[in-house]
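Make the full structure from the sequences, and use the hints.
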Amino acid sequence: MIYKVSFVVQGGTHPGGIQNLDERPKLGDILTLGNQQFEIVEVMEIIPPRGDFAYLHATCRPIDGKET
Amino acid sequence: MVTVESLKRVEILIGLTEEQLARVLQICQTRVYHNQDIIVREREPSDEIYVINRGSAEVILSGGRVTAEALAAPGPDAVISLGQGQTFGEMALIDMGPRSATVRCTSDGSELYVIRREDFIQLCEQDTDIGYKVMRNLAAELSFKLRHRNLSWRSD
Chain G
572 MIYKVSFVVQ GGTHPGGIQN LDERPKLGDI LTLGNQQFEI VEVMEIIPPR
622 GDFAYLHATC RPIDGKET
Chain F
286 MVTVESLKRV EILIGLTEEQ LARVLQICQT RVYHNQDIIV REREPSDEIY
336 VINRGSAEVI LSGGRVTAEA LAAPGPDAVI SLGQGQTFGE MALIDMGPRS
386 ATVRCTSDGS ELYVIRREDF IQLCEQDTDI GYKVMRNLAA ELSFKLRHRN
436 LSWRSD
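Residue numbers (my numbering), protein chains in the order written: chain G, 572 to 639; chain F, 286 to 441.
Keep in mind that the hints were calculated from the coordinates and are not lab data.
A quick note: this is a predicted structure, and the numbers were derived from the prediction, not measured.
All residues carry an ideal CB built from backbone N, CA and C; glycine is no exception.
Possibly wrong hints are sitting among the right ones.
What the hints assert, rightly or not - Derived contacts from chain F toward chain G, CB cut-off under 10 Å, selection only:
hint, residue
1, E343
2, Q369
3, T391
4, G394
See the structure below:
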């Protein structure tokens, strides 16, 4: 299964993003968008799966001072 | 290198048979971009659709700034970051309009699949089963991006 995930960052500090992942994201996972790191604080299904794709939404919060 | 196996991971090609994917493969090119390369520029004519096979890019609404220097200047312009498997340029495939945003590569050695609009439309018209599936998938892709935008507003 391919997990297509809409990432939104709390507080409007980052535009967020869309990524395909091989594993389903879960609460507490650390995500890298560009050169910044974020912690996932919410995961939910947006729409039902289609083909080999699952469609999820994840809300993230910036991890202070973490840049890659 | 583009292969039928790699095309199976491309969302706008969901539901295509191996034979149909092989036909798409024939019109697909690969291009490599580097960090900060401008891939498409807002308001310019468009005749290609892109799929990120490896790497990442960001979509930028420039507010009228179109030079590399102006785009590099500080400003809250990036509207979304796109990673592996994501498609852009699909609006132009459907409405034939100019590019609605600038897309800039954000990681070195990013590999993109590129399909010329004319070739894609010709293929869809020759094989209407491909055409139906691709257009349905494109509608789903645009719908997903709209849902992402709606959820972004919720978080502000």
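Open item on the list: Given G394/F as an interface hint, is its Cβ closer than 10 Å to any Cβ of chain G?
Closed with: This hint is violated: G394/F lies away from chain G, its Cβ roughly 16 Å from the closest one there, beyond 10 Å.
Task: Proposed interface contact between E343/F and chain G, which counts if any beta carbon pair is under 10 Å - done: 7 Å, holds
TODO: Would you settle whether the hint for T391/F is holds or violated, based on the nearest Cβ-Cβ distance to chain G being less than 10 Å?
DONE: Holds, about 6 Å.
- [ ] Have a go at the Q369/F hint: is there a Cβ in chain G nearer than 10 Å to its own Cβ?
- [x] 5 Å, holds
In summary, the structure is inconsistent with hint 4 from the numbered list given earlier, while agreeing with all the others.
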